[in-house]
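Protein chains in written order, with our numbering: chain U, 3 to 156; chain L, 49 to 467.
Among the hints, erroneous ones may be present.
[Claimed, not checked] Chain U is nowhere near these chain L residues, computed Cβ spacing over 10 Å in every case: (1) Gly99; (2) Lys231; (3) Pro238.
[Stated by the list, open to error] Stretch by stretch, here's where chain U covers chain L in the computed footprint (C-beta under 8 Å, at least three residues): (4) 119–133; (5) 162–172; (6) 221–228; (7) 415–423.
In short, the hints are calculated from the structure, not lab data.
Where a beta carbon is used, it is the ideal one built from N, C-alpha and C, also for glycine.
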Amino acid sequence: MINAGLLQQLDKIVARYEDKQASLLPVLHALQEERGFISLDSEQDVADYLGIPVVQVHQVVSFYHLFHQAPIGQCHFSVCQTTACALRGSEKIIAHIKNRLGIKDGETTPDGKFSLSVVECLGACEIAPIMQYNKEYKGCLTIDEIDRLIKQNG
Amino acid sequence: MQKITSRHFGQENSHKLENYLKDEGYEAARKALTMTPAAVIDEVKKSNLRGLGGAGFPTGMKWSFINPTNSKPRYLVVNGDEGEPGTFKDKYLFEQDPHLFLEGVIITCFAIGSHKAYVYIRGEYLKSIERLQGAIDEAYRAGYLGKGILGSGFALDVVVHQGAGAYICGEETALLESLEGKKGFPRLKPPFPAVVGLFGCPTVINNVETMACVGPIILRGAEWFAKLGCEKNGGTRLFCISGHVNKPGVYELPNGTTLREMIYTHAGGILNGRTLKAVIPGGISAPILTPDQIDVKMDFDSLKAIGSMAGSGGIIVMDDTTDMVWAAMVAARFFAHESCGQCSPCREGSGWVYRNVKRIYDGEGRESDLKNLPGIINNIGGNTICAFGDAITMSVGSYVTKFRSEFESKIKQPLVTTH
Ligand SMILES: Cc1cc2nc3c(=O)[nH]c(=O)nc-3n(C[C@H](O)[C@H](O)[C@H](O)COP(=O)(O)O)c2cc1C
Ligand code: SF4
Ligand code: FES
């Protein structure tokens, strides 16, 4: 069930497009913002709301990596592994996160605090190595900074 | 060095309308609205502006493909997906000069007769989205958007659309699919977007930086802009330099500046006083260059002539400590990760290439791996729906061709590396 507040927000989004389905990505963003991830029930809610088949919603949710199909940690490390970052040491940072937290790419710690995503170029190669930490870009990343974030939130 | 599209970068509150207005803001739009659409297109044609998203297609010519007698709505879709590794300039434009960008959008829509523009911004660029939306809100309030723009009869609405994390959505037809609320699968062409684009209507797709050049062209004239660059490639460009250089960043330089000058004069040379080993000149899809090739002029035609491409303007520099098999593996991993999976040569081939190069890098490669690699690589390009397949062939293929001895030595001896 979509609550009244969210419904109002979604109606505004849909009004910007000449075609209802075109609002699917922004609608999913808004829903994920409120619920943290997009469950199968949420997919059904969106399908009902937009009047499109639920399989279409599901295909879209699974195609785009910014949509989470399961809950993610309160601290989400999305670390870039592409060339400019790799040249500036991103492999060591990724290995360090995996080691310290005992998780692999795409996993969340059992206490639900930390998640790791290894991603491709974030469009911030000038401050490599870089990660997106929840919503924020953190450039010129060091292992110390990772340790600090883990300690602060652990 | 004359700065045009980056001239407000670094100034306090450069994203605010009041500051933009202090530097001839929206004067170009005002001027364009007194011209005929055909005259605007003509001016852009004469300026030799070429699309800065990667393909370098002449912008004025692209606009002229919109058939004026087609009665369907027309759309401008701006490509702000900026996913090509090594590229980060559109983010600066959105964050630091959204009104310059928006002014280009208004003029472009006027020229092609569009009353609705969508700006597709990659999902991670939250600050870009916020800044552009703020600028759009300011522009509506001031009468630069909406109905009767600047007292003319022209109306335009601009919508910001947030992507959701998929490199392939930067390919223009995948972007249209994504904008229509679907998976980002590139479309078969023809039909081209100018005929059947967004919602089945005639559509122009342009890059963010291309849009930012339009206002200055209209205000100062095509001739002025053309002269800033080189033959058939007018103007300046925002080059993005990253990797092993002392001063990575965005540098606005004339098209045709040499790669050597960019690396050594502007980006401060190679990190830690080391020497250059290789450089990607135009985003990860562009074939890699060796130090003997860096006197190349950085424009679409000159790079093409030496077998590479100007692409997105993303320059990634590698010093002499770089293991080129490792670098090839990183590139191959990117392609394997980002293939949309629609066509089998690309879906299967990208994985094969990655696993093959990784095996060689891991010291587990056999002679046959190296022998088969060029064949596997070459079987992808030319056989796919979109240019991503060609990019795998050209990019990964260039590491194998130019640094073959490094691949060979990895086969003969097991892994010893610093990475
Ligand atoms: C795989 C692939 C990815 C692309 N990614 C981008 C991108 O992130 N941004 C962009 O502007 N163009 C990108 N392009 C180029 C677009 O397809 C298109 O040519 C461009 O947006 C047109 O605008 P322009 O003429 O102003 O350059 C990509 C092309 C391909 C094949
Ligand atoms: S070439 Fe690759 S990325 Fe392009 S459509 Fe085919 S599978 Fe998708
Ligand atoms: S390569 Fe990491 S941000 Fe571009």
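Comparing the hints with the structure gives:
no.	hint	result
1	Gly99	holds (18 Å)
2	Lys231	violated (4 Å)
3	Pro238	holds (23 Å)
4	119–133	holds (count 5)
5	162–172	holds (count 4)
6	221–228	holds (count 3)
7	415–423	violated (count 0)
Against the hints set out earlier in the document, violations occur for numbers 2 and 7.
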